[in-house]
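> Since each chain sits alone in its own frame, please combine them into the complex, following the hints.
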Amino acid sequence: MSALGTQAAELAAITGSGRRLGRRGRVRWGTWIALLLLALFAFLPVYWLLVTSLTPDDLVFRFPPSPFPARVTFDHYAEVLGNPAIFGYLRNSVLVSVITAVLSVVVSMYMGYAFSKYRFAGRKSLMYFVLSSQMFPQALLLVTLYLVFAQFGLLNTYLALIISFTTFTLPLCVWMLKGFFDALPDDLIEAARIDGAGPWRIFHSVVLPLAAPGLVASGLFAFVRGWNDFIFALTLAGPDKQTLPPGLVNTFISEASTSWPELMAASLLVSVPVCVVFILLQRFLVGGITAGAVKG
Amino acid sequence: MTLELSRRDLLRFSAVGVGSAALLGLAACAPTPSTPNPSGDAKPTNFDFASWSLSEDAAKGAVQSAMDAFAKTDSITISPVTYPYNDYLNQLTLQVRGGQFSGAAQLDVAWLSALAALGKLVDLSSFATGLGYTASGLGAGKIDGAQYGLPWTIGAVGLIGNAELFDRAGASLTPTTIEEFEEGLRALKGIGVIPYAASTKAAQLKDILVWMQTFGSPIIDGGKTTVGDEASVKAVEWYKKLYDEGLIAPDVDRAGARTLFAQGTTALYDDALVGKSAVTSQSPDSGLGDKMTPIARPVLKAGDTPQEVLWGHLVVVVDGEGAQTAAEFAQWVTSDPQQTVDYFEALSLPPTTEEALASDAVKNDAFVAAFTDAVTVDAQPSPLWQYVGYAQMESAIADQVQAVLIGQSSASDAMTAAGSTISGLIG
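Here the protein sequences line up with chains A and B, keeping their order. Going by our numbering, 1467 is the number at position 219 of the first sequence; the sequence numbering is gapless. Going by our numbering, 208 is the number at position 192 of the second sequence; the sequence numbering is gapless.
Each hint should be verified, as a subset may be incorrect.
Quick list of simulated restraints, FRET-style, between CB atoms [to be verified]:
| no. | chain 1 | residue 1 | chain 2 | residue 2 | range |
| --- | --- | --- | --- | --- | --- |
| 1 | A | 1285 | B | 318 | 55 to 63 Å |
| 2 | B | 202 | A | 1323 | 35 to 43 Å |
| 3 | B | 240 | A | 1322 | 52 to 60 Å |
| 4 | A | 1517 | B | 362 | 48 to 56 Å |
Negatives, chain A to chain B, calculated, CB over 12 Å [said to hold, decoys possible]:
| no. | residue |
| --- | --- |
| 5 | 1276 |
| 6 | 1277 |
| 7 | 1282 |
| 8 | 1289 |
| 9 | 1479 |
| 10 | 1508 |
| 11 | 1523 |
| 12 | 1524 |
Just so you know, these hints were derived from the structure itself, not from any lab. Note that the coordinates shown come from a computational prediction; the quantities given were computed from them, not determined experimentally. Where is the CB? At the ideal position from N, CA and C, for every residue including glycine.
Only chain B is shown next, with the shape it has when bound in the complex (with noise of 0.2 Å):
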């Protein structure tokens, strides 16, 4: 049995949700309210700060401080907006995009492209001068001579070894070059550990940029990519050997090179001054801070510079509402002399000035020191983070080195596929 609609009643309920349909359409066109244009005001405004900071519990406590003392200076309230780390740029995208966000906000210094992309960032070299920002803090900032970004920490991802480990096995904690570094390796092998817990997981392959530039591939040269050349097979066929004879191990990411380290499986991974702290929570050794050792990389030949990766946090300014007095929050926050010693001290981030980086605070703090002097002298921003879609070349990189190390693809096949997906996104 079937129950039959009548054809008055099938019209009934079309013209029912037709009307809906064209309400709806109505209400979508109304006019979208006018977003307010308030920079240059006087009078220190209620802002927005993003911050990934503020969502977890070793950093949200420091952050917060930072908001609220410069909130009570100028009786203003800063409204918190928080993103886990891994979805922030996302998230943050889709707000500054959709007009939802304005005002300050917490960026890596890898994501400074990709935002500016948007052109709602605010100009900020008029809060950066004068304050003795390191230049290597401002470079990291800057796009086509625009300081979108002012630098809150700056450091490096550079070589971390345990000190206890190499004397054991009687390897040198100052590798000068690429041989020393492997003969190191493979003392640390005979004591029975992981001798470096190199990125050999895809996600995190993007590493071997750095061991490219080693082997002196300049990664962009010119405004084209120099991925395939001889310079880079030698540096993955390098990988594909430390890999083959056991000095590296598979399926390593930062996570799982840094729950190695703490386990004492590993004597040597790659890292920023950030994980230190997630280090030292999860390892049963007690005096594991003690023995991490920052080592310089290991250089092609005697007399090259060693190269290191760029790692920081930047404060931006999204135009819109409150985005002056965001723009003095950036950079109070970035160059108070007191905030930022006390934000080093509560996270152990390096500040961005001269005068924070001399103080007591940080010359004594010994691992801090020691990396500043060994690893982040000489860092340098990727090349490949000028380019919006640097993510998707890192990722056509890493996929092909994989690719090498399963012995699916030769280096040279791999790299030439690697560079053409990369000079198709450059355009």
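Just chain A, same shape as in the assembly (with noise of 0.2 Å):
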């Protein structure tokens, strides 16, 4: 090649891989400009729940709104530190939603595995009958499963609470765990018998463990489900097993006005600990959630 061949060409790679990198930049500012409005999206209201809480109660409506309080008060934080009710729903609602997560994740583990590996009849009619329920509003359900419950004397425990979540998470869960075990090779689960091992052991020693990403994202999905739930924890629990959802309503807003800030107070420190929980777990979260997404 001549050398004047070979200056264009070089010149050519230069102005390609230029090309290239003023793509890739535009890429890159792209990339973060749709970052950050996702974020602003995401954490403005969280933002915005925060600065009210520390607003005091005449500057709340203030107009035009300020995205930084005139005057910051801790007063709100305060008063719902100070009434122990709110710690009540709170245990109330750790009790249940860990209690319908665990449920959920037991139950759902060994009907997603029989879905995934075993063969018999009927099985994907049964399975779609279970994905069907998710078809109804859970409020559609609220007054039949309140005479049954009634009947059996369940109204007002905490029973009648893990029940009526662990109904509405198992459908999802077994999805999800399904699509999990799905993706799990056939190959280990027939070596571990050809070692002699059952289909007990080989579920809970082979299968399992290499399913725990999936079992921690459906359990956090129904522990979600079940922190978040307002009807049925207002209509099934009294006022000594309320969880947080009515509770906070109960307590912050009546008839003729609501108390935003202490709302918003209550609401931040109630979401800590389930913050905390989700930051140790979400590699757990993502890992399950999409595993089980491809294969569902």
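Right, dumping it as structure tokens:
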């Protein structure tokens, strides 16, 4: 190749890479802007929650609103922390949500494994039947469940909440875990069987350890469903069994007014433990959800 | 590789499943425990008292004191049952229908028909005589001649103005006719405030009913709805005119109106007495309470009676265990002279007996006295409250009025449609 041709080739390489760098730069800027907008969308409400919780009552509705409160007060936090009922609601929420999560995971892991690895008549129909329950709005079943629980004397008990929450979380947990089990190679199970392991041993010693991310993801999903539920907790639980959502509404929303700053302070305080749990388990959550989603 | 389930395993598991279902079915078919029927008890018994006020910081102290005082007198226990106001009727209905609740219950005057339709409320007529209840109070708790509710506090939803802003604008605080009212609103617009924070959000547009009545539509006449008549159409056209002129603002509900009023952004809004403390607590103006002035609703023609919608709380009794003692409690808490005055002093909610209304505590409260004279004196229950499905009827009207406000429908078409829906709901 001539010197000119070499130079031309080098120039083409430089400009080509320059164009690629330029495109890469634009893509990077675009990505950052998109991420920034998403972050604002996600975190601006939380920031506003924080600002409102620190604003005195007479400045909460000041217009135009200010991103920084003119005066800061911690009175609302003091009021929330001084209200023992809030901690009662928190205790009830943690208890009910954790038990719901554990129960959902335990039941759904066996169901999911059966749907994934076993072949029996009616398997697909049963799977769709289980999933079809998700089509019903929860409120539709409230009256019926209320009457059933009343019949069994379960009203105003933790059991009523746990059973009803588990009922709604099970189908999706089963679906998620089935997808996760589908992704596990059958060779592992075959190898374990050749080594003499029975079905029980295979499932608990070989499959479950590999399915840990899926189990955690399902458990967190069930936990969040139980944590956020309002209408069932309001209807089925008595005053001493109320969870956070109806408890906070009962405490801070009245006939004539809403104590927004106290409500924001309470919401922030009670979300801290949940955030900590999610941060600690986030790597399992991402892995579990995506693995289940691909195969589902 | 798939794991095969043998036919024997499948049958075994199916048998376990079917057997469990059968056991559950048998349990479900078990006879229900019978509800005791102690109505007419001579000895005081424990009972439940349902009240949304028990979960509200501002009111629960006063209500709990009343419960404690009565319980101590009779050496009984009154168990509190509480739900947030917005979910209260649904929850109470579920409890009553399911037989889980009996006893006394606080009730909004608008909800009486819905709860009475369950057929479990006790007729308290014998508990209402000779105690000096006001006629309007008793009327609020009566359905088809049966006194299902004893009045606990009775007021109205009326116009409340900011006297300082009215003075600054040179607007009259006592407009008599609609024309004078409109002039006042235009003057208020001149000082840069929202003249009237009227309800324009669909959830609160039931407030237009009282304006329809002002324009001459009775809403219900002879068991049929008059929504869609000339008067109701004129009312909606008038409302639309206010909206187009900027005399009322978009997207305002009761809570929003209170906030705007508290901030001094509006000069006039609709509220009941119970809203005053909510407004003053969120206002940077510590003297706002003194500026709040009740205003009689203007009329179409001079000489007409102002139309005001009733507001209030009743105490009802659900038949069942403890109903007798609960009825005595309902009577005591709504009519005992000392108790009713104490309740007023705690919450500024007007009592419902002539004796209590004539007490110094009530007469010396300037705002309550002014509100009673200007607004409550003409208050009537909404004509729709007599129907169990009144909320759906209100929604039908509200949705159509909002369509008019945003230009999607004419007032005539909208009210015809609303009237048709209401007729269907009346049956």
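> Taking each numbered hint in turn, which are not upheld by the structure, reported in ascending numerical order?
4, 9, 10
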